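Taken in order, these protein sequences are the chains called A and B.
Quick note on our numbering: the first sequence kicks off at 77 and runs consecutively.
Quick note on our numbering: the second sequence kicks off at 16 and runs consecutively.
If you are wondering where the hints come from, they were derived from the structure by calculation, not from laboratory data.
Since we're looking at a predicted model, the values are computed, not measured.
Ideal Cβ positions, reconstructed from N, Cα and C, are used throughout, including at glycine.
Take these hints with a grain of salt, some might be off.
Label-pair ranges, simulated between beta-carbon atoms [as the list claims (entries may be wrong)]:
hint, chain 1, residue 1, chain 2, residue 2, range
1, A, G91, B, A61, 34 to 40 Å
2, B, L279, A, R194, 50 to 56 Å
3, B, K43, A, P207, 47 to 53 Å
4, B, F65, A, G91, 38 to 44 Å
5, A, E266, B, A61, 30 to 36 Å
6, A, E104, B, V30, 52 to 58 Å
7, A, P207, B, F275, 54 to 60 Å
8, B, F59, A, K87, 36 to 42 Å
9, B, I38, A, N254, 48 to 54 Å
10, B, F59, A, K295, 30 to 36 Å
11, B, K43, A, E266, 20 to 26 Å
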Amino acid sequence: MSAKIKVVDLKKRFGRHEVLRGIDLEVETGSSVVILGCSGSGKSVLIKTIIGLISPDSGKVWIDGMETTNLSTKKRFAIMAKCGFLFQASALFDSLSIIDNITFFAEKLYKLGTSEKRDLAEQKLRAVGLPARILDLYPSELSGGMQKRVSLARAICTNPEIIFFDEPTTGLDPIMANIINELIIKVRQELGATTITITHDLSSADQIANAVHLIYEGKILWHGTKDEMKRSDNPYLRQFLAGSTTGPIAVDI
Amino acid sequence: MHKQIDMAANFLCYVQELGRQAIVLMQKIGALCVFTMSAIYGIFSAAFDFKIFRQQLLHIGFFSLPVVAMTAIFSGAVLALQSYTGFARFSAESSIATVVVLSITRELGPVLAGLMVAGRVGASIAAELGTMRVTEQIDALYTLSTDPIKYLVSPRVLASTTALPCLVFIGDIIGVMGGYLVSVNKLGFNSANYIVNTMQYLQAIDVVSGLVKATVFGLIISVISCYSGYNSDKGAKGVGMATTGAVVHSSILILLSNYFITELFFNK
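Chain A extracted, bound-state conformation:
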């Protein structure tokens, strides 16, 4: 299998704080990679640097075989058209209705008419288990779990080849978190998409991952399959999985 996403020696510093310290990562086509790590370990910065929201200080990123670190905006948007992104806080446009949120990019991409737009939005809402009656509501009128599912519907609206999930279950109750995990598995299977999920939710990682990477202080310290993760004797991974306050991972109390 070829690498859908490849990251080589990625570094990023904010002021004196070195957030990414030489990240190497390969994501195979069609796989589901989960990046585990504590808060502040550089997970979000990594995922945002991969998609180009943050410019790296050094290192290279390839998406679908194209080196993306120095692309023009036009070429970068062409790459972004192949990607979907689920944000931690949903990031729905609060001035737009649900239908406009879901079809925001699809409307321009496919030049949709009013009825086609509604049909597409309904279809994507059904895919994430939400009723069509919410199409004309605004994000503020929905619960957190519903907003997350609408955000997922928006992320998959143009059938992307790659989907990024930024802490998809954070802030949700266990039942809703499970629903989101099942939806992630479902859309990945239906679309055949490659997915990268960053999380510190172990149960979520257990459900959705093919491959797992552990990031700590801006470096990938361990990677392997889900089964290898359970058997690993890496002290960082063991401490993270056990949630122990003692071990090599420094805990600020």
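Assemble chain B onto chain A, guided by the hints.
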């Protein structure tokens, strides 16, 4: 000897800090210039969103009209009253109409409208974009292959730059009306004479200079407010600071640019 070394070290620290602040200031000015050029470029691009432009034109232009009208009418009225008190001391009451119309069209109309719109619209734009920044909505736009500057900033800049001259033109008329009402109804001026005096010394350049100022003020308000909101720091404090910064910086730049535009038009 030690004291002199300490003093020299302290002095170097001050110089270093001064240099650092100067570099930061230059970086900010550079970033603002790039931001402004990107926003202006976005107006002429195919991706320009006319739907948002129309919404913003309504928000910035139409809904600012009551505030601008109130400011203009009372400014004109007060100007007439104050001028009368002063001019009566050397029997120059007949100049009141001219003073009112020139003050309103050249200075008070554009500056007061600019400041009022900076307070009303600037704060709202900065808060809206700042909230979008901290809730990752601007990042979301980017992931949906949409240039946030073209989508969010360019329509606001064009709307503000076109709405302000219209607001000021209407404000000028209302301001002159304010002076007229006070002069005729309270100070006992003859209505026809007052109108003749108003029009007699008014030249096109008086109105045009005010409208040029309004256009520049519209650009300043929209660019500064969008820039503040777009680059807002995280959290409620960040959005609050962006909002305050938008109003304060817009107001200062309005007053500053007002002087230079006046120099440009009326310096003999």
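Problem set entry | C-beta pair F59/B, K87/A: status relative to the range 36 to 42 Å that was hinted | Given range 36 to 42 Å: holds, Cβ gap about 37 Å.
For this session: Go ahead and decide if the range 50 to 56 Å is satisfied by the Cβ distance of L279/B to R194/A.
Result: Roughly 54 Å apart at Cβ, these two residues keep to the hinted range, so it holds.
For this session: Go ahead and decide if the range 30 to 36 Å is satisfied by the Cβ distance of E266/A to A61/B.
Result: Cβ of E266/A to Cβ of A61/B: about 34 Å, so the range 30 to 36 Å holds.
Exercise. Between F65/B and G91/A, does the C-beta distance stay in 38 to 44 Å?
Worked result: 41 Å, holds
Problem set entry | N254/A and I38/B - C-beta distance against the hinted 48 to 54 Å | 51 Å, holds
Exercise. So the hint says 20 to 26 Å: do the beta-carbon atoms of K43/B and E266/A match that?
Worked result: At 47 Å between Cβs, range violated.
Exercise. Does the Cβ-Cβ separation between F59/B and K295/A fall within 30 to 36 Å?
Worked result: 45 Å, violated
Exercise. Cβ-Cβ distance between E104/A and V30/B: within 52 to 58 Å?
Worked result: For E104/A and V30/B the Cβ distance comes to about 55 Å; the hint holds.
For this session: Evaluate the given range 34 to 40 Å for the C-beta pair formed by G91/A and A61/B.
Result: With Cβ atoms ~38 Å apart, the hint holds.
Problem set entry | Hint check for P207/A and K43/B - Cβ pair distance inside 47 to 53 Å | 48 Å, holds
Problem set entry | Pairwise beta carbon distance, P207/A to F275/B, judged against the given window 54 to 60 Å | 59 Å, holds
Violated hints, listed in ascending order, are 10 and 11; each of the other numbered hints is respected by the structure.
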